[in-house]
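Participant: Next come the chains, spelled out residue by residue.
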Amino acid sequence: MTLKLKLHTKPEVPLEADCICPDRMQSLNMTEIGDLVTYHGNRQVPLKNFFECSGEFDGEIDIEGDLVNVKHIGSTMSFGKITVSGNVGVHIGAAMSGGEIIVEGDASDWVGPEMYGGRITIKGNAGHMVGSGYRGSTVGMQGGEIIVHGNVKNETGHVMRRGLIVVAGNSGDFTGVNMLAGTIIVLGEMGIRTGAGMRRGSIICQTKSELLPTFTRSCDYLPLFLRHYFKHLESLGLIISDSLINSPFERWCGDSIELNRGEILLYAGK
Amino acid sequence: MYIKLTNGIVYDPVHGINGEHRDIYINDGQITRKPSSNTKICKTYDMKGKIIMAGAIDIHTHIGGGKVNIARMMLPEDHVNDLVERTELTRSGCGNAAPSTLTAGYRYAEMGYTACFEPAMLPSNARQTHMEMGDTPMVDKGAYAMLGSDDFFLRMLASKKDQAAISDYVGWTINATQALGIKVVNPGGISAFKFNQRKLELDELNQYYGVSPRDIIKSLARAVTELGIPHPLHVHGCNLGVPGNLNTTLETIDAVEGMRMHLTHIQFHSYGTEGDKKFSSGAAEIAEAVNKNPNISIDVGQVLFGQTVTASGDSMLQYAGHWHAHPKKWVIMDIECDAGCGVVPFKYRDKNFVNALQWAIGLELFLLVDDPWRIFLTTDHPNGAPFTSYPHLIRLLMDRSFRNDMLSTINKEAAASSTLASLDREYSLYDIAIMTRAAPARSLGLKNRGHLGPGAVADITVYSNHKDKEKMFSKPDYVFKDGVLIVRNGKIVKVVNGGTHTLRPEYDNGIEKSLKRYFDKYQTISLSNFKIDNDEIVEHGNSKIIVQPCM
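The listed protein sequences correspond, in order, to chains E and H.
For the first sequence, position 74 (counting from the first letter as 1) is numbered 74 according to this note's numbering, and the numbering increases by one without interruption.
So the number in this note's numbering is just where the residue sits in the second sequence, counting from 1, plus 270.
These are calculated hints, taken from the structure and not from any lab test.
Honestly, I wouldn't trust all of these hints.
Pulled from the structure, derived: some chain E residues nowhere near chain H, Cβ distances all over 10 Å [unchecked claim]:
1. 7
2. 8
3. 14
4. 57
5. 85
6. 207
7. 259
Here are some, though not all, of the chain H residues that point toward chain E, as calculated from beta-carbon distances under 10 Å [to be verified]:
8. 345
9. 349
10. 350
11. 598
12. 599
Restricting the straight-line Cα-Cα distance to at most 20 Å, the calculated cross-link-like pairs of lysine to aspartate or glutamate (DMTMM-like) are [said to hold, decoys possible]:
13. 304/H - 316/H
14. 599/H - 258/E
15. 48/E - 62/E
16. 153/E - 104/E
17. 598/H - 258/E
18. 430/H - 474/H
Built from N, CA and C at the ideal position, the CB exists for glycine as well.
With the rest of the complex left out, here is chain E (with noise of 0.2 Å):
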């Protein structure tokens, strides 16, 4: 049987509930997991103030409830699934190395922030700072996988070091700044100032889009490894047209302020 938490009062300023995560959760009966603590604010309360707990805990967690204001659910979770049915506050996923985090509505910002493993699945739209670094820090996302349904708005990627970035729908300003490695696909349109800074790292984008001018266009071509993504997108349920499997890929590197060893692949088909 799953854990149901079920948010009854709705904070009034950010709650932080990074206990909400199944390392935390683990061998808790139902009183130690309603005494979880949590910040509401900066003021210490247990978990059961906001949520009404049910069920067991069995690597599962269902969370209900408008959980705009709660902010690092899942934070360092290393396995089980944390499902969320409606909207998610900040930071969720911040530093997971495992498991599977699944939001059917919107996320805030900072979905994913240094992860290292596992998969966050945000259906609706997510924010700012997907899967990004936090600020002073140099590495940001290092492993890992964030497909988002929707929308996200800007810096997504921002330093990010390894692992996978999925958009389905638009990508703000800045998309892939300062990355160093890993792999961005955006499926809609892209922002203004892509990949800028980028050492090395793909960012793929099914639509034509402005690039900086410390870009350089290498070639067309058709790049056989983009198959085996799409292929491993569809399986996780996100629709690609058969066009975009078989189309050509105009290949730009850069970002030649750095190491100029990025690539930026902008679908070249008709």
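With chain E fixed as given, assemble chain H onto it according to the hints.
Facilitator: For chain H alone, kept in the frame of chain E given last:
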């Protein structure tokens, strides 16, 4: 309203009281003589068996100014790993090497410190420094204005302006920036770095201005003497961290020609070039020179092992050290063309030869300098270690067997090349009371602090006499600030705001004419906005400005 501390064992070096049973009376925030017998004592604390000292004073700790903020912004890991919850009294915070302002204030008070001094306040950055210090609760504070690599001063020196004009400029700077002293960092070197010089010896010329560090130190030391500033020129000398800089330091001591000078974090300036690794301890030579020259005082800048962050105005040295950054990120920047700033996170490792020897050199200095009145206990927070490691450092000084145990765990080669094992000296509580209370207060010219005589401000710390000195000094039983009980059993019981210590040296205001012209031509802010008003400091959370007299 009289408060009496009775039955305690008092250490008050200013009055030569070495562990004697004395009663202490507090009235109106001050220590007083024993009142007449019909005066009502409102509160009596029984301090049976407890050690009573004045509140401790940290003469050199980076708790404000731009560089600390850069360190905070650059090191999210330092915050994540050290979160401080809010309590009913205190506010939340975070950070170990670069703690938030509030947390720094609370932690200092909980260790029995009642005053802290920021040693590197850049004049153009003074407003931020004072705002940050204003946000640091519990303790008194003050700052030394940093001169020596600023364009206006170097121009004056290059054009051979007479000393009186330079003294006026120094006096004006102290008044304008509400400083308590003058510091010079890598004299002329920060400026030389911008003209592509990567090192600057004491007698080497700054290529652009044609002046040498020796000229700068001499000129500033003279200005400090002429203005009657109580704290001697606070010198962070040339060649910090460079093997062989021991000779530079000895030459610097000679350079001031008998004028008073404070050499700061001297551990980083006491390296020789002997041995296979061309890195050795110069502590013996430095200690001998300090012992011989009564005009010199030092603070050590002890290194203790662990993760910290180095923050300095010395961009030349920080650039040279950035290759060793851990975690790998760093900032070197210019500030208003008047100085620089470098922030490099660093991890001192006990198994690393150089780090282990640095640790030993610092301790050798502590043990070889005879006069505790001229050597102060610092780690150059956060450059050598965070200030929270002071109790550990005190135990290393007071407990020889503990010191030798620690010595046996560090890098073998470093331990073998150090004379530390042969040094038997153990600091007494009286020595500690001198070096952490009486001596810093005297050096800074704080007449009514650092002692427990009548008329002193009632900043008092009371410890239990544990055998484990680390335990003793990390958790005082009582701390009084201005006669108010603020800490009980190492926990804050009342939050107060300390004052800001400043000076008002006299100078010829005619200097403002040429400064006005200079500011209009070159500076980003006007002269009138550059100066910091009393009200700005008071309104921003500080309870008061305390003007210290000049000599």
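Participant: For every hint, state whether the structure bears it out.
Facilitator: Hint check:
1. 7: At roughly 24 Å from the nearest Cβ of chain H, residue 7/E sits farther out than 10 Å, so the non-interface label holds.
2. 8: With a cut-off of 10 Å, residue 8/E remains clear of chain H, as the shortest Cβ separation is near 25 Å.
3. 14: holds (14 Å)
4. 57: At about 26 Å from chain H, residue 57/E clears the 10 Å cut-off, so the statement holds.
5. 85: holds (29 Å)
6. 207: Per Cβ check, residue 207/E is outside 10 Å of chain H; nearest 35 Å; holds.
7. 259: About 16 Å separates residue 259/E from the closest Cβ of chain H, which puts it past 10 Å; holds.
8. 345: holds (6 Å)
9. 349: holds (9 Å)
10. 350: holds (8 Å)
11. 598: Since the shortest Cβ distance to chain E is 7 Å, the answer is holds.
12. 599: Given a least distance of 5 Å, the restraint on residue 599/H holds.
13. 304/H - 316/H: Holds: residue 304/H and residue 316/H sit about 16 Å apart, inside 20 Å.
14. 599/H - 258/E: holds (16 Å)
15. 48/E - 62/E: holds (15 Å)
16. 153/E - 104/E: Distance ~18 Å between residue 153/E and residue 104/E Cα, so the pair holds.
17. 598/H - 258/E: holds (17 Å)
18. 430/H - 474/H: Within the cut-off at roughly 17 Å; holds.
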